[in-house]
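**Student:** As they're listed, the protein sequences go chains G and Y.
Under full-length UniProt numbering, the first residue of the first sequence carries the number 1, and numbering increases by one thereafter.
Under full-length UniProt numbering, the first residue of the second sequence carries the number 1, and numbering increases by one thereafter.
Since the hints were derived computationally from the structure, they do not count as laboratory data.
Do not rely on the hints blindly, as some may be mistaken.
As the list makes no split between identical chains, a pair holds if one copy fits it or if it spans any two.
As the list claims (entries may be wrong) - The calculated lysine-lysine pairs, modelled on DSSO-like cross-linking and capped at a C-alpha distance of 30 Å, are:
1) K4 - K126
2) K4 - K349
3) K337 - K327
4) K349 - K362
5) K402 - K362
6) K340 - K402
7) K402 - K126
8) K340 - K362
9) K402 - K152
10) K4 - K135
11) K402 - K349
12) K337 - K349
13) K327 - K402
14) K362 - K152
15) K349 - K135
16) K337 - K402
17) K337 - K362
18) K327 - K247
19) K152 - K349
20) K247 - K362
21) K247 - K152
Protein chains: 2
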Amino acid sequence: MMEKRTPMPVQEAVAAIMEHRIESRMEWTDLQEASGRYLAQDIQADHDVPPFDRSPYDGFAVRAYDTLEASRDNPVSLHIAGDIGAGSVFGGTVEAGEAVRIMTGAPIPDGCDAVVMLELAHDYEKDGHHYIDVKRPFHVNDNISFRGEDTKRGTTVLQRGTVVHPGVTAVLASFGYAEVPTVQKPHIGVIATGSELLDIREPLQQGKIRNSNAYMIMAQIEQAGGEAVSFGTVSDDFDETLSTVQKALHSVDILLTTGGVSVGDYDYIPDILNELGASVHFNKVSMRPGSVTTAASLGPQLIYGLSGNPSACYVGFELFVRPVIQKVLGSPAPHLKKTKAVLGADFPKPNPFMRFVRAELKDENGGWSAYPAGLDKSSSVTSLSDASALIVLPGGTRGYEKGMDVDILLLHSAEGSEWPWDNIVRSYRS
Amino acid sequence: MMEKRTPMPVQEAVAAIMEHRIESRMEWTDLQEASGRYLAQDIQADHDVPPFDRSPYDGFAVRAYDTLEASRDNPVSLHIAGDIGAGSVFGGTVEAGEAVRIMTGAPIPDGCDAVVMLELAHDYEKDGHHYIDVKRPFHVNDNISFRGEDTKRGTTVLQRGTVVHPGVTAVLASFGYAEVPTVQKPHIGVIATGSELLDIREPLQQGKIRNSNAYMIMAQIEQAGGEAVSFGTVSDDFDETLSTVQKALHSVDILLTTGGVSVGDYDYIPDILNELGASVHFNKVSMRPGSVTTAASLGPQLIYGLSGNPSACYVGFELFVRPVIQKVLGSPAPHLKKTKAVLGADFPKPNPFMRFVRAELKDENGGWSAYPAGLDKSSSVTSLSDASALIVLPGGTRGYEKGMDVDILLLHSAEGSEWPWDNIVRSYRS
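Construct all of the structure, not just a fragment, from the sequences and the given hints.
**Tutor:** Following this line, the structure appears as structure tokens:
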């Protein structure tokens, strides 16, 4: 009746699924819809930035040579030969003793080689002509933004795998990318298993609970950059579960199930993976919560059996599914961002398995303190809403004390880690 | 010709616009669409969690009293009286000497007060009856998740102003919130001004640049939680700009303009605010970049004149617009997240104004180092794509050296600050 499973250390389990290759597909996305998407190609500058020598200020374009002798006591007078707004081009060439009124961003007129800021030029009218007084010398190239000084044409300005945030949007707009080459979001199917699951719109019934896992995982999928596809809830029935899994596998890159993954009589996921002929990468991980997390591949597709316990399901997703989605997207740092914190409370209970403790972070004295969030049971839903990090407590024979330095994994960070597992995995091996 | 402006310290400018009140509106959002939205109300638990005493494991529900004498050498034999899957309820009452097969999450049957985990129970058949052997004593309440132990009915489980991330989604689903009371996104209009602006689909022309600011700001609005409404580009023409501003004010909570805000001949925003009768909170801030940032109110609406320079525009938005949007949403921490870093490079040039230097962050030795990102000119677009923080360098007469501790503001953090300005503002006052 009982199947024996060998727990795999977390690091090895993550490495196993990261070796699996899922193809990335490119699609063009409207720039205004591209926020949060990942670039499928390097982006090159299609022109110099600035595209011409231009004025960074409102003021007067001058010939620096004319101002060489200028001082407070002996201002130099220049004739205003014209006026040039941003977006316009000055027609003629500026001669000795002349200046041109220029606006921020406008091209430097031929003949000029410096800009006098508006605040430093006194303008006046005399005999129907306009002049400025300049009271200090300016040097060649003063106050000019040079063509290409920001970026030369042909430079790679954005790397493949960059996530589109507002600063990236600005660069894409500058270089005319009204459509952006983005990585298509991988399609991730979700099946919730369990006869105890009610739809969230149903009233509670004795013995049943509402299906929170599927909604949570779909939100996790979106946060990780994937496209969630729900295949609903199935009861604890082998045939129903199998046919739903088979249907889902027609259209997804990755399939996630929650529940039914343990060793109980109604846990059909192991049998279904067997029936499908999937090759199981692991079916037990030396971690808490989420030790029964299962991952298997079937050709190019990955199938995960996540725990039915909300917190175990959550952690299993973040450790094993998120990095696979991020890898498809081309992210250079696909794993949860690892950083350090000080443990905010004792965690006395030793555990041979590595523990991931949901935690609230507080910024104290310029560093993070990590406080275990609420009840740390794998069945707890409400503690998930307070957690912004997972404290990583390597397995061993000792507990952990308040004030100790610990590794944490950030749950809502826009940044990730390349490989967070070195140096923190001293986990139990059976 | 020149208007004199008095620069306001950054802290005072932020405080001025934060005093302005914009009404929050509530709307119901489908749970699957609610990610990233802000809760408009506190959320109460509509039932105990767990809703009934249940088993956290697969195993056998037993009467602890029956196992008191159990040991490895003298196992206690219990008759399996039935079997109960998750979602089912055991019909009868369990009598002395009996056990019931129970699945994770199933209700504890009447008469039982402990659960023996599957791994610790040896089951066998004898004379057509099924039994388990228990080899150690169990105590009353061993391995039972009690009704309400996670959350009691009526408890506030989520606060107004909470952003919906996957853990919050799980809680909302558990309590049956198929529709979620969210704060309606404030509508933020965007007008780009400047005769030099080309649409991003147009080829470059001498003297002109593509309109990157509007796309950037719309992405910033979305990132801050607002709804961006584009009113296109207007050339440097007073009447055209005025009529576009008036049209936009019919439908937005906040209006943003970029460009035309300085003291040049084609900078019409000051005149337009005057024409509208708007009351100006500030029109110069003692900061670099973005010193010409302007903010005014017209009844319940806010109008911002942001710089036309991309980086100045970017910084002006993050400091002065983002917190107003976040306040409408009910965020308890509406400002950019402030934290500490070590300056990664010299910044020798002193400046009387407070500087916001775009920076790349590197996690070194468990702390952040902040490296100025590319060219730090307010006209630079490409440096925006690399920046994940702003280094805050208070104004003064000295430069800053590599290795100094500095304050930084995180640009892509899901978290914010309540009020980041205390202790860092030692800015120039004219």
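**Student:** Hint numbers the structure violates, sorted upward?
**Tutor:** 7, 13, 20, 21
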